[in-house]
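J.: Residue numbers (the numbering used here), protein chains in the order written: chain A, 1 to 595; chain B, 1 to 210.
Do not take every clue at face value.
Straight-line alpha carbon distances no greater than 27 Å define the calculated DSSO-like cross-link-like pairs of lysine-lysine that follow [said to hold, decoys possible]: (1) A:533 with A:23; (2) A:23 with B:37; (3) A:319 with A:212; (4) A:459 with A:533; (5) A:212 with A:579; (6) B:37 with A:212.
Ranges of calculated distance between the beta carbons of each label pair, as one might list FRET restraints [claimed, not checked]: (7) B:65 with A:411: 23 to 33 Å; (8) A:530 with B:201: 52 to 62 Å; (9) B:175 with A:141: 30 to 40 Å; (10) B:123 with A:78: 56 to 66 Å.
FYI, nobody ran anything at the bench for these hints, they're computed from the structure.
Each residue gets a CB set at the ideal place from its N, CA and C atoms; glycine is no exception.
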Amino acid sequence: MTDTHGHHHEGEHDHPKLGFWRKYVFSTDHKVIGIQYLITAMSMAIIGGTLSLLMRLQLGWPHGSFRFLANLMPKAFDSQGHMNADFYLSLVTMHGTIMVFFLFTAVLTGGFGNFLIPLQIGARDMAFPFLNALSYWIFLASCIVIFSALLVEGGAPLGGWTSYAPLSALPDAGPGQGTGMTLWISAIALFTASGLMGGLNYITTILTMRTKGLSMMRLPLTQWSLLITAVLGLLAFPVLLAAAILLVFDRTGGTSFFIPGGIVLGNKLIEHTGGHPLLWQHLFWFFGHPEVYIVILPAMGIASDILATFCRKPIFSYKMMVYAMVAISGLSFIVWGHHMFVSGMSPFLGSVFTITTLLIAVPSAVKTFNWLGTIWGARIRFTSPALFSIGFVSLFVSGGLSGIFLGTSAADIQMQDTYFVVAHFHLVMAIAPLFAAYGGLYFWFPKMFGRMMNETLGKIHFWASFVGVYCVFFPMHVLGIGGQMRRIYDPLNYEFLQPQQVLNVFISVSAFFLAAAQILFLVNFFSSIWAGKRVLVNNPWQATTLEWETPCPTGHGNFGPELPVVHRWAFDYSAPGAKEDFVPQTAPAVPARQH
Amino acid sequence: MSVLSQILRRGSILPPPPTHHDGDSGGGSSSAFPISKGYLATWILMTAVTMLFAGLSSAYIVLRGVPEWQNITVPRLVWANTLILFASSIAIEFARSAVRKDQLDAVRQWLSVSGILGFGFLVSQLLVWRQLVNAGVYLSTTIHSSFFYVLTGAHALHLAGGLIGLVVVLRRAFTNGMTARDHEPLRVWALYWHFMDVIWIYCFLLLLLA
Chain A
1 MTDTHGHHHE GEHDHPKLGF WRKYVFSTDH KVIGIQYLIT AMSMAIIGGT LSLLMRLQLG
61 WPHGSFRFLA NLMPKAFDSQ GHMNADFYLS LVTMHGTIMV FFLFTAVLTG GFGNFLIPLQ
121 IGARDMAFPF LNALSYWIFL ASCIVIFSAL LVEGGAPLGG WTSYAPLSAL PDAGPGQGTG
181 MTLWISAIAL FTASGLMGGL NYITTILTMR TKGLSMMRLP LTQWSLLITA VLGLLAFPVL
241 LAAAILLVFD RTGGTSFFIP GGIVLGNKLI EHTGGHPLLW QHLFWFFGHP EVYIVILPAM
301 GIASDILATF CRKPIFSYKM MVYAMVAISG LSFIVWGHHM FVSGMSPFLG SVFTITTLLI
361 AVPSAVKTFN WLGTIWGARI RFTSPALFSI GFVSLFVSGG LSGIFLGTSA ADIQMQDTYF
421 VVAHFHLVMA IAPLFAAYGG LYFWFPKMFG RMMNETLGKI HFWASFVGVY CVFFPMHVLG
481 IGGQMRRIYD PLNYEFLQPQ QVLNVFISVS AFFLAAAQIL FLVNFFSSIW AGKRVLVNNP
541 WQATTLEWET PCPTGHGNFG PELPVVHRWA FDYSAPGAKE DFVPQTAPAV PARQH
Chain B
1 MSVLSQILRR GSILPPPPTH HDGDSGGGSS SAFPISKGYL ATWILMTAVT MLFAGLSSAY
61 IVLRGVPEWQ NITVPRLVWA NTLILFASSI AIEFARSAVR KDQLDAVRQW LSVSGILGFG
121 FLVSQLLVWR QLVNAGVYLS TTIHSSFFYV LTGAHALHLA GGLIGLVVVL RRAFTNGMTA
181 RDHEPLRVWA LYWHFMDVIW IYCFLLLLLA
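Just chain B, same shape as in the assembly:
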């Protein structure tokens, strides 16, 4: 009992002010966080999107085991899509290396190329769905086809969201608002766009390896 009360009383003799405390001292130094708000927010957003796809794909993995499972033939065009998306990502890296040298013209060019390729991906994705429909493979045909439409559709929506973000970045680039020192929107957008590649590869492998 006395031990217990001693332990419990510790709380009341703490802390001798004003230097000691249970939490860390911090030293009164600035608590500045090393990552910018926009960059951190993008990471948070990407975490949420990752969990969305984790949820969808765990359903895919579970249903992969049901006896009624039937594979569909995925159009070859998805390979071309993959290349288009990659090319788009590479274009951003050219834009980023240009902005570091303050070559704003090149930044505008590469960003535009990247955007056009991104848009091209979406168009090509539409063609993939058209090919499937022409082959008689609809959303409800098999569970595999359901997942194909849902996963690629979810990816396409997130990519379309990225294109809207690109408009903001392009506006900054065309109003001379971008320098080697300050090109935060481009940095943030590049992060998200590469992340779209990662999600695409993940869905692509999942659906193709069925």
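The shape of chain A in the complex, shown without the other chains:
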């Protein structure tokens, strides 16, 4: 266990020399674990992104003949090179599952959470370092299990990332519903276990291990967001686990939790009776809606801190930012019904869920205004992290506004399960957090690897991505209002969709452009680890928070012999009367230089 009570800990000198494996692979150092999470999740992003490109290929050119791919994946294509419908549905499932859990949840809480929590609160490591390492290795196992669902006989499950019952409860219901679905459930169970270990660590560490002077209301917003996210995960993930347990018994134990009577499969009446398919939806969305905030909240925290740093201004209304996050997370538990407006729910109940859902617009708007208030009148330093954080605000607004339509039951009944929904959730809970994560990677890269990422490439990456995501996701609103269904395999099948096929082609071309821009990022990231410009100062961005008191890259034990003492909040930028335009959190009330 790591000592936190002021005992001397000079870098690595206290420890026997660790070999390569102990230092970089089976490490309990939170920074190594954070980077492991980041790299693993990036690999999952490459897989999940590739799957989405295959989907765009099919949607752009539904009757196209892809002989090259057919040679690579003979079971997924017919003899003419046309993609099979089952394969398309398995792409939908795997893309969604990988991106929601194994990219976003993992990058933002696993990656940034592990890397930043001890550094920003002035601790030497997490409260339970071994549990932390265990959390990563279980996460890695869950990644391997979910990936293997693509490789097994029958392929991946077909039911989407939501795995609605009874499709998910009946192993004989489709090619991917057998082994593929079993692997899906196993991966989610492993992921849940890993997430709970992480969350337990995050909450305990942030609450009990803050350094002297660092009161809760002096925490950077990233820390607040990670704390609130961990609480959300703690309350939401066990409910998903409960649903998954019941699902496993339905699939293998002959129980009927989610399976109603009277289902005929392959001309055979199944034996189950008495279950309730909607029960799965209630349990899933009780988890599922907080889950989208588990993704967006850390993104909000990271973007807030980065914006303040590069606007050289305090974050506008710090306390309201904290309260807004608390309000959003509280409300997230009473809105799950808005995913189920067309499930036969009583219109009265629908109205209740509409009201609770629209209430979330209030704290969300508070946050947006505060970001704008931070940007307002600032002399922004337009670095890559700053650009991505501003992009985050733009995307959050664009995606959030369509949420008001979808949260209103009357409008949602029209737009449910169309591309309007696809446009909405991609912008607000996928692309916006992605931009914040990119901002965070460019920002903390020097702290992780001791080198800078290339700024020019970073800016090209930003503008190409920013234009790219709007070209991909904005036209989807139009497609959705035009009636294109969410999981449609062949839009040309319907006469009323044919006139808008040109939009599908445009989106697909834009998606390939967007993917090419991400290759730019990968090249920049991995080449900069070895060839980036060396950072010789502790604080290249002139930021105020504690991690910038440590060298780049930070050594084992994080801080020198003494832990830092905090004297102020995290946002003393451009304070009148101060010598420089930032005052670190460790600067005493009467600055030493005035003696």
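For chain A, the structure is supplied; the task is to place chain B on it using the hints.
T.: For chain B alone, coordinates are given in the frame of chain A:
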């Protein structure tokens, strides 16, 4: 417009350094948290377990209303189980009062009693399931029986996890690592073990009042 820009500009004239800030002052005092890491972690763990059982039991309450619902007869032995579990919890309280008087021998005895009773509960739980199987009530017989096995099974697994925790506590007790001032593992473990009682009562009432 001017009002808006004034409001928005507030951000740029804040804060006069170095004393004022939007967050609380904290006064530079220690931010020590009043609860120990282990104790807090146990509370967090218990929150997660509570949500797991809340999820399972909300499913139970929903399905309770379906027309196909059929009650099963729960073996009487579960009453005995309840008493065994309670006795186990009481034994811990004796251990705790002993540790406060630094009577390490009594601590070891009571902890062992508690562990044996906990193990006894698990064995007795196995017997309950055996009785049900002998009566022809399986996991998939009715939704009520499904929930009986799932809820009591989930509880038994968490209890078994607690027994593994007890091994750690016992080791501390037998290596003289426990004093009236420092008996954190015992305190943490007692908290979890009592929590197992609460979960048991909850499941028990839920399943019995069907």
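J.: Hint by hint, say whether it matches the structure.
T.: Verification of the hints:
A C-alpha spacing of about 24 Å is found between residue 533 of chain A and residue 23 of chain A, which places the hinted pair at or below 27 Å, so the restraint holds. Between the alpha carbons of residue 23 of chain A and residue 37 of chain B the distance comes to roughly 26 Å, so the proposed pair stays at or under 27 Å and holds. Taking the CA atoms of residue 319 of chain A and residue 212 of chain A, the gap is near 21 Å; set against the 27 Å cutoff, the hint holds. Distance check on the hinted pair: residue 459 of chain A and residue 533 of chain A sit about 16 Å apart at the alpha-carbon level, within 27 Å; holds.
Between residue 212 of chain A and residue 579 of chain A the CA atoms are separated by roughly 25 Å; this keeps the pair inside 27 Å, and the hint holds. For a cut-off of 27 Å, the pair hint linking residue 37 of chain B to residue 212 of chain A stands: about 17 Å separates their Cα positions. Between residue 65 of chain B and residue 411 of chain A the C-beta distance comes to about 31 Å, which sits within the given range of 23 to 33 Å. Remark: the range hint 52 to 62 Å for residue 530 of chain A to residue 201 of chain B is upheld by a beta-carbon distance near 60 Å.
Between residue 175 of chain B and residue 141 of chain A the CB atoms are about 34 Å apart, so this pair conforms to the stated range of 30 to 40 Å. Distance hint check for residue 123 of chain B and residue 78 of chain A: the Cβ-Cβ separation is about 58 Å, which falls inside the suggested range of 56 to 66 Å.
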